[in-house]
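Residue numbers (my numbering), protein chains in the order written: chain A, 1 to 367; chain B, 1 to 365; chain C, 1 to 397.
Treat the hints as calculated values from the structure; they're not laboratory data.
No experiment lies behind these values; they were computed from the predicted model shown.
Every residue gets a Cβ at the ideal spot worked out from N, C-alpha and C, and that includes glycine.
Treat the hints with care, as some may be off.
What the hints assert, rightly or not - Part of the chain C face toward chain B, derived, beta carbon under 10 angstroms:
1. 129
2. 166
3. 185
4. 349
5. 354
What the hints assert, rightly or not - Here are the simulated DSS-like pairs of lysine-lysine, each with C-alpha atoms no more than 25 angstroms apart in a straight line:
6. 353(C) with 34(B)
7. 167(B) with 276(C)
8. 314(C) with 269(C)
9. 209(A) with 68(A)
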Amino acid sequence: MLEHGKIDGKQAIFLMLSVVLPTAILTIPAGIVRTARQDAWLSVMAATLAVLLIAWLVVSLSLRFPGKTLCEYAEEILGKTLGKIVCLLYIWLFFLYAGSGAVRQFSFFLVTAMMPETPIEVFSITVVAVAAYAVRNGLEVLCRFNQLFLPVTGLLAIVFFLSTIEMKPARLLPVFDAGLLPIVKGTVMPTMLMGEIVLLAMIIPYLNKPEEAQRIAILSALFNGFVLTASTLEALLIFGPDLAAHWIFPTFNAVRVISIANFLERLESVIVAFWVLGGFVKVGVFYYVAVLGSAQCLNLKDYRPLVLPVGVILVSFSSFMHGENIVDMIYYISQIQVPFMLIVFEVGIPLLLLIIALVRGKGGQSS
Amino acid sequence: MLEHGKIDSKQAILLMISMILPTAILIVPAITLKYAKQDAWLSLILATLVGLLIAWLVVSLSLRFPGKTIIEYTEEILGRVLGKIVGFLYIYTFMRIGSGVCREFGFFLVTAMMPETPMIVFIIIAIVISAYAVRNGLEVLCRFNQLFIPVTGLLVIAFLLSTTNMKLTRLLPVFDTGLLSIAQGAVSPIAWLGEILTLAMIIPYLTKPKEAYRVAVISVLLSGFILMINTMESLLIFGPDLANHWLYPTYNAVRVVSIANFLERLDAVILMVWILGGFIKIGVFYYAFVLGSAQWMGLKDYRPLVLPAGLIMGASSYFLFGINIVEYYSHLPYHLILPEVVIPLLLLIVALAKGKGKKSEDEAT
Amino acid sequence: MRKKIAILLLLFFLSGLLGGCWSRSEIGEEAIILGTGVDLTEDGLIRLSVQIASPGAFSAGGDTSGGGKEPPAWVVWAEGETIEDAERYLAMKVPRRIYWDHSIILVIGERMAKRGTEMVSNFFLRTGEPRENMWLMVARGEARDILQAQPMLAKTSAQATGFLTRMKTGYIVQIWEYAEMRASKGVQPVVTGVEVQDFGEGRGPGQGENSTVQKKVELSGVAVLKVDKLIGWLDAHETRGLLWLKGEAKEGAVIVPSPGEPGKEVSIKIRRSHTKIVPEYDGENLWFNVNIYVEGDMVEQQSRVDLAKPEQIKALETAMSEEIKARTTATLEKAQTEYGLDIFGFGNAFHRKYRKEWREMQNHWDEEFSRAGVNIAVEAHVRGIGLLSMPAGSPEK
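Next up, chain A with everything else stripped away, as it sits in the complex (with noise of 0.2 angstroms):
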């Protein structure tokens, strides 16, 4: 075993709402919006019911085979050379890609909402940096930095009934105005963004109760969902469909403009903070699985050596893969990402593998 750390149920349900959400409730509300105008909440949900689905689908796989990774069981399922192949298009192109790319998006927001002279790069090093330092501890160390920074998530929430006196109703008015296919087109963005909880299926066997996984991430689909929907209305409660799509992050600008008797107000801080401590932590699990993986597609005896490499390839993939500028990065993210990242990685493999495990009959009978 290369992490020889355990944690419980709750300690996963906390790491996955840290990998959704911090990116996800600043960037993806304004691709919604775009698309799905005022029925934006009814694609999140819509795509929460599909997160559902990918969570129930890696789960299931994952524990028939009990104690391994998807690296792994990959091998186990494909043979060697196949295997081995799949794992290193996870790492490579998922969890790294996908990693990066958060980094990306974390010094982006930064540069441009709060710092804009600073250089980019002193943003993504110093992310990467500090996260690097949480991944060469272990999961367990990951979990309880998360642990102690998850409650500002609460914040959010503050914020959220904050808002509500900018808020009306009605602008979520007519429901169903565009139709069925904006609303199914606007659930994409939103489910690759939440599917990167198959990042469980990495972290699965260091569960302290493996069979809770279901339980996991079911409850942590749902709650990300919830937030999510939460965030997107906020915005849209705020300003309309046809303003929230304009901004960049809807959710900076909503928090922004609450003003409690001129008195309670610059409430941007609240999401700052949030942005700040939960990108080092999604950084930090797509870091982690990244360089667990290698690990054990390398067949190493400790993952620590592999920390550092894998840090400057996340910064210099944060610098190269992603485009030069925010309208690249956008671009890439919606173009690129989304439809890659959640035919292939999400649905497409897991299942496949499901598949050909239930036909080979690999693997012990799930739970």
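Dock chains B and C against the given chain A, drawing on the hints supplied.
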């Protein structure tokens, strides 16, 4: 033995650094930059190499005569009369450098900080304080130096802070001035680094004289390095054209540092190094002068000489170096090459030829 | 024991007589100079004007209790053969010791600058008290007027001008940087220009009663010096070109026509930039490749086109590099044809690459420079687009 104290290698290294640097950081860059322009750093590398040779020469010579200073073993090598003459030359050299330092010390303070104060005030104060240290012997001098030397770290901080004003392109083109200018630029740092010669007065009082090579080499390397940093600092900030116009380029370089309109006026750093270092530097030469004279005259105790030696140094700081700063600069110590290089080399050759002194174990190196 | 304590006490009290007592100067006896101006009078004398801070105006609460009766600074001047001579005459008028260390700006009047700036700068570099990082500027008109202007937001015009320079929007020079340009043969000095302007009518409510026209100080382009004499000016537009060519355009914005909608503009704020000058010389022909790299964020869009598309950003970047190229070319032409002076430091770049050829060419460098060809290439990048993706409120598609 005239001196009963013993100092360890670390103290000796620190003492040698304080003996070379304080005046060097202010005066050497201007002279080196004048000749070698943007190649000044090459001059300094060259000078450090030559400094290492001088260090090797002086230490090799001294180690052949354990427990003896240069004043004592010249007599052994050259015989009584000739030895006394050469010994006197060295005493004169120490006195001359010491009084020159007094003069520089005073000049800088008068020029840069307190133009209305008569220079004699600074010179007398410097000599009185060093006289007190010298009277108390080598150990006290070393301990005071150990207290002060961390201040030199501030020089490095000042350098780091001034990097915001630096442009690396100011070093280009390399070799523009030609080899001759680089060599000319190296002469004056060689004279300064060659002051490591004073080690020949101190080796007998090291707790482990065997380590003298290490002491000499490390001192020269560190001094050369700090000197180079200082020269680079003014060069990278002002460029070769302006840097050689200043009398004290390092001082001006530190004055232009201004970080966020907040961290500025760092000239105080230079002044601290200058004043504290100046005392030590004067003290070391003063000490070498007094000790050498006592040995030369065969006295039992050097203390009675402290007062008259101080008077001589103070007075000659006025008479030996002209009346104004321009004349002072025309008295730059090129002649120091004689006592620093030529004489030790001759002494070593004669000693080898006559087979004087014990074979040093390190001779093979 | 008692004796020891007595000695310690004695030493302690004696130390009070030591430090700095010789050149003692109490802060209350010093006239702290904030700004210095040097003009040439009609009869060829040097007039030294200084702006002296009046301490009362700077103390806390001075504005509320005193009702602002004491002006924050006093401008006084005297004439003499040299600056030191004028300072001696000044000392007859100022009842305190003149203290230079805090002088923020040194302004040279236009007539003085035409006579020679070297005559002014030398004193301030040689004397230890004024700082090398004083801002140096040339006034359009008299330097004394700059010091006498009464600005808003800062107590005195010297401080206001100091703040203006630190914004780094114009070309700014500290006195040592001027000295470096002056000493180098590969570049001709350029110095910040500064002028006085009226605030105009209506200074604001509550200010009506003292309706004397208030003056403000404005940075205005750049003074071009030949050796050390003023021979011409660059206006604000040409100054931008100068900044690009000198690689000092660190702040400011580039305004470019919007792609897809002519007549509307887009503003791009500069975040970082650098300039590389690569000389090429084959024995006869001399030319320079100037490579400008710039990165910026879009901060404003007048048009209603959706620019948040990769191909539109490319178009913006092209427009940006065209704009910068046009700016620099205009300034370059003025320097080459009108002044015939290398104010950009091309000579230094040439020296770094062709050290042997330089030895011969440095003596007639400005002619060589005027004849040289220059290729300007700009690599522009737009990184961020602010918080909006589409122009707010524009109709969908």
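Hint check:
1. 129: holds, 9 angstroms
2. 166: holds, 7 angstroms
3. 185: Holds. Min distance 8 angstroms.
4. 349: With a closest approach of 8 angstroms, the residue 349(C) hint holds.
5. 354: holds, 8 angstroms
6. 353(C) with 34(B): It holds: about 22 angstroms lies between the C-alpha atoms, which stays within 25 angstroms.
7. 167(B) with 276(C): holds, 13 angstroms
8. 314(C) with 269(C): holds, 16 angstroms
9. 209(A) with 68(A): Roughly 14 angstroms between the alpha carbons, so the hint for residue 209(A) and residue 68(A) holds.
Hint violations for this structure: none, all hints satisfied.
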